[in-house]
Every structure is written in C-alpha cells, then in structure tokens.
Amino acid sequence: MIVLKPVGVVRSPYKDVSEAPSQGIYAREDSVIHIFPEFQEALDGIIRYKHFFILYWLDRAERNILKVIPRGGGKKRGVFSTRAPSRPNPIGLCLVELKKLEGCDLTVRGLDAVDGSYVIDIKPYFRDIDSP
Numbered sequence: 001m002i003v004l005k006p007v008g009v010v011r012s013p014y015k016d017v018s019e020a021p022s023q024g025i026y027a028r029e030d031s032v033i034h035i036f037p038e039f040q041e042a043l044d045g046i047i048r049y050k051h052f053f054i055l056y057w058l059d060r061a062e063r064n065i066l067k068v069i070p071r072g073g074g075k076k077r078g079v080f081s082t083r084a085p086s087r088p089n090p091i092g093l094c095l096v097e098l099k100k101l102e103g104c105d106l107t108v109r110g111l112d113a114v115d116g117s118y119v120i121d122i123k124p125y126f127r128d129i130d131s132p
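Under this note's numbering, think of the first position of the sequence shown as 1, with each following residue one higher.
Hints in this document: simulated from the structure, not taken from any laboratory. Model, not experiment: these values are computed from the prediction. Cβ atoms here follow ideal geometry from the backbone N, Cα and C, with glycine treated the same way. Check the hints yourself; a few may be wrong.
[To be verified] Label pairs and their computed distance ranges (CB to CB):
1) 1 <-> 29: 30 to 40 Å
2) 73 <-> 103: 15 to 25 Å
3) 42 <-> 73: 38 to 48 Å
4) 13 <-> 61: 34 to 44 Å
5) 107 <-> 69: 29 to 39 Å
6) 130 <-> 81: 19 to 29 Å
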C-alpha cells in the first residue's frame, strides 16, 4: 500500500477545472503554494533555484479511465501516452517559476492546478539533468 501525505495546498485563481489552463505553460496568473508548517524546514535553500517541478493530486479526475481521445483529436489512446488528468493515479506535474517566497508561501507562475489541490512534492529543475 502507498500512503501519500500532502505537503501543502494550492491557492490559485482557477476555482473550477473548466477555468484552469490545459497545461502549466498557458497559466498567465500567479498561484500560491502554501506549505504546511510542519514542512517549513524543507523549504531551506529553495531560493537558490528559479524553476521547480510541482507534483500535485488531481482530486477531481476520474481514476477508472484507461483510454482517452487526446486533446486535438484523433483515435482513443492509452492514458500513459497522453497528458490527460484522468488516469489510475491522477498526479499532476508542472514546471513552475518561483517568483517569491514568504514564510510558508511560494508564489509561482506556470501552475495549472485548481484552487485547493494538494501538493505532493516539490523538486528543483536542473536543465542539465532534466532535459534530454
């Protein structure tokens, strides 16, 4: 069994899935990731970096869908060959830019998460190892 403990919550301008951009690169507004106080020490050193991968839980996604029609059309494909939110383990992934850190709040640009989404993890982006 896998048990995940959220480390924070997203505060974004997108109150509904229909308002959120289809991908983080299209997010034009900033969001705030509030890290829960018990994880504040994990933020030590974070301002050394500018870009981060945010992993978050897509709590409104369906988990029983294995095939979807990809955005842009075409034949149904397996969800592992798409970026569709509905999947067996609905984990979102966005590459964001850190704009500001205040206490437990990270202001970021490039996050497509809906307000109230739980953050699972944050990892710094390194161009040398995270790009082919």
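Cβ distance range 29 to 39 Å for residue 107 and residue 69, holds or violated | With a Cβ separation near 35 Å, residue 107 and residue 69 satisfy 29 to 39 Å, so the hint holds.
When you take the CB atoms of residue 130 and residue 81, is the distance between them in 19 to 29 Å?
-> holds (21 Å)
Using the Cβ atoms, figure out if residue 13 sits within 34 to 44 Å of residue 61.
-> The hint (34 to 44 Å, Cβ to Cβ) is violated, given that residue 13 and residue 61 are roughly 20 Å apart.
Does the Cβ distance between residue 1 and residue 29 fall inside 30 to 40 Å?
-> holds (37 Å)
Check the following: the C-beta atoms of residue 42 and residue 73 are separated by a distance inside 38 to 48 Å.
-> At roughly 42 Å between Cβ atoms, residue 73 and residue 42 fall inside 38 to 48 Å, so the hint holds.
For the pair residue 73 and residue 103, does the Cβ-Cβ distance stay inside 15 to 25 Å?
-> Distance hint for residue 73, residue 103 is violated at roughly 45 Å.
The structure is inconsistent with the numbered hints 2, 4, although it conforms to all the rest.
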